[in-house]
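Asks: Okay, here's what each chain looks like letter by letter:
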Amino acid sequence: MAAGRFTLAVSPHLHQKGQTIERGMTDVLIALTPAGIVAMIVFGMNAFYVMLVSVLTACLTEVVMRWVLGRKHTLRDLSAVLTGVLFAFLLPATTPLWVVAVGAFLAVGVAKELFGGLGRNIFNPALFARVALMVSPLWLYITKFPRPFFYRTVGFFTPVSVAINNEVAGRVVYRGLFGSVYPDVVTAATPLSLLKSGKMLATTISGPTPVGSTWVTVAGRPTFWAQFLGVHSGSLGEVSVLALAIGACWLLYRRTIDWRIPAGIFGAFLLVTLVTWNYPVFSLLGGGLWLGAFFMATDWVTSPMTRRGKWIYGVGIGLTIALIRLWSPLPEGVAIAILQWNVLTLLIDRYVAEPRFGEVGRSWLNRLPPYPKPGKAEPDKPVPAN
Amino acid sequence: MGWAQRMKRALFTRGGVHPEPRKVSSIMKIFPGPNPEQVIIPLSQHIGAPCEPVVEIGDEVLVGQKIGDSAEYVSAPVHSSVSGEVTGIKKYPHPGGHDMLAIQITSDHLDRPSPDLQPVAEPLELAPGEIRVRVREGGIVGMGGAGFPTHVKLDTPADKSIEVMIVNGAECEPYLTGDYRVMLENSEQVLMGAKIAQRALGADRIVVGVEHVFPDVIRVMREAGGPFGIEVVSLPCRYPQGAEKSLIKSIAGREVPTGGLPRDVGASVSNVQTCYAVYDLFYNGRPLTDRVLTVAGDGIAGTANLRVKIGTTVSDVIDYCGGMVGEPGKVILGGPMMGVAQYTTGVPVIKTTSGIIVLRADTMLVEEPGHFTCIRCGRCVKRCPMNLMPYQMASYADIGDWDALERFDLEECMECGCCAYICPTKNPLVQLIKVGKDGLARRRRKMDSLVGTGDGRG
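For the protein sequence lines, the chains are A and B, in the order given. Note that the first sequence covers residues 1 to 386 in my numbering. Note that the second sequence covers residues 1 to 458 in my numbering.
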């Protein structure tokens, strides 16, 4: 046999088939499908348009940005599609579509590609874009949540009128480009903004949904079943706990996500809410906690790698959410809490190691010698003469 | 598997992977190997000092005659596996990748046995020291893959005591079935060899570990070992179950300390075929001149378990099995997870060769991933049986940051390949870790030569 005919490679010579990035992203998309369907039922075609524009912009941004940066496009790994869907899930259904496009560009173009593409991004792209819009002048467009089953379509260029002062009636006037007035959008407070504004027991909500029905209690807040099935106002993806739970089960079954992060988030959050007795069930079912815990915080790229790190990260997010909801003016804090801990992920991975196999005296932190400090190096010893 | 068990596995297991077993050769009896024209017997088939040749070109040698030996303690002599004439002592290809000094013997096809070593009447009556001397003379090394000289392993230091001697029947690599067939066909011989080794070790008991997917072997070994009080433990089936430290963890529930040896936790692990070689040496008077290996893969015509003479070239074995099929892709000595891909089939089978896997060029490649950057999915960390951080070690080795690399226990990595197997971006993690190990070793040598403190840390 002649030499040089065989392929040389370092072991292992077998690789697992089927477990690719595309497969992982597809699993998350499958898991998000029930929530997407619920969003389209509750908010109508608006939800569909928002998702469509978000996904298309995300893909287009990825192609253009990678072309500008001189890299090969990676649409194949479906991460742009997933970012688009996740970003759409964080928006109210009445968001003007150009705002959606701006946000999707921020998510993929800035939070992902400018950091170096998938795998190098520090922040969860969808959450980054959402919070970036929140602190920008566009915040008005994404903080007015329509009432469920309000099916009036909102167009691409519908700018919201600056004077949103008719909050009392729960109505927002959208005004067209040349002064044409679009029909009102009937908004409603999200469950958590009710909680924050202390209106849990007031009957301030009036509108098409009859008070005292299956969906709204006499006190005016959504019932347990409304929160569980998703018939209340909120952003697209967060409304239905049931749909998100179904998706979470799929992700856990497929081992796409690690259970330690959601367990830490829910455990810590529930503990604080129970101790302070701040409507534990109500706040557990509301405000994107499920979306954040199962789909945002478990993002591969921006969560820690080790089991210990995952516990620290999960518990940290849970506590931060509870702190924000209890003692800050913001109604909900899932997005900001996850973004904060995304940054800390780098630190966690740097200092928290797995316990080595057979390590004597299990240590919590990485006890290995630190990096040598510049300037503290030992002086060169003279080479011994022979 | 029920859904509850599946869920439990998904949530709580740590370390190891489940490659597709592909053990089609498990139904095939051990068959005698080829009778080659020439054998090439490398002088270094083990960990430790290589041997010096004790024969010269033109000498007549017999089967089992010692042809190479070393004065070092951590070394094992090599013996001729055929009778014939020594026709060359020079560098030949070696399965390790580098050319190594080896002895070429042209066979006369008579297989006349050497009278040097004779069977022992009552091996279990021998003193432990005498057993070790004979094991060394027989050239027996660990046949699972590492090739550590067995007489060194059987030498228990005075301050340590061995409680359990583990016979490693967990053949966790895909394709390989040699140990399985040896246990099935020669169960009594394996256990008698283990008894001899136990006497040399001074171990209290013998435990055989077999993966639970081989109930026939478990039954046969229990029948054979019952009268001797030998336990047979059924192990979970996952790669790398057969790795020394994982096996001790599974059977004795103890973790070998970092940088330690199995004897530190009172255990000693020997491969099934090593035990068989010990039996063969003491009861038949034959040193280690042949071994059972599996020939398999989709690139070869015949799949078989063969008892091959050490020194037979791989091309002889492949021709014996009907030759290659299709365009040849890889020839791997050992299992597909830890074996070494060869550049030529002129390499000989040595004492640690557990299989010859031939893969076809068109089927060996996996689908190319759409993404090559590490996406920090954490699977390598989750699956590492030694609980290391493969992605960090690999990335620091990639950029050559040796200072940072010192922080990780690179020496603990046994290169089992779980991380590279599971990686969704198909990053060559094992290759990069090898680069890191090599870089650290070079750095240490350089610092030693510059500073001369000896411990390499300046």
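Hints listed in this document are in silico derivations from the structure and should not be mistaken for laboratory results. Just so you know, not all the hints are guaranteed correct.
To be verified - Label-pair distances were calculated between CB atoms; the ranges are:
| no. | chain 1 | residue 1 | chain 2 | residue 2 | range |
| --- | --- | --- | --- | --- | --- |
| 1 | A | 135 | B | 373 | 28 to 38 Å |
| 2 | B | 302 | A | 40 | 56 to 66 Å |
| 3 | A | 346 | B | 226 | 34 to 44 Å |
| 4 | B | 73 | A | 340 | 22 to 32 Å |
| 5 | A | 135 | B | 404 | 48 to 58 Å |
| 6 | A | 114 | B | 402 | 55 to 65 Å |
| 7 | A | 329 | B | 443 | 28 to 38 Å |
| 8 | B | 129 | A | 346 | 51 to 61 Å |
Quick reminder that beta carbons are idealized off the backbone N, C-alpha and C, glycines included.
Asks: Indicate, hint by hint, whether the structure satisfies it.
Replies: Results of checking the hints against the structure:
1. A:135 / B:373: 28 to 38 Å: With a Cβ separation near 29 Å, residue 135 of chain A and residue 373 of chain B satisfy 28 to 38 Å, so the hint holds.
2. B:302 / A:40: 56 to 66 Å: holds, 59 Å
3. A:346 / B:226: 34 to 44 Å: violated, 57 Å
4. B:73 / A:340: 22 to 32 Å: violated, 59 Å
5. A:135 / B:404: 48 to 58 Å: Because 36 Å falls outside the window, the suggested range is violated.
6. A:114 / B:402: 55 to 65 Å: violated, 31 Å
7. A:329 / B:443: 28 to 38 Å: violated, 55 Å
8. B:129 / A:346: 51 to 61 Å: Holds, since residue 129 of chain B and residue 346 of chain A (Cβ atoms, about 57 Å apart) stay within the stated range.
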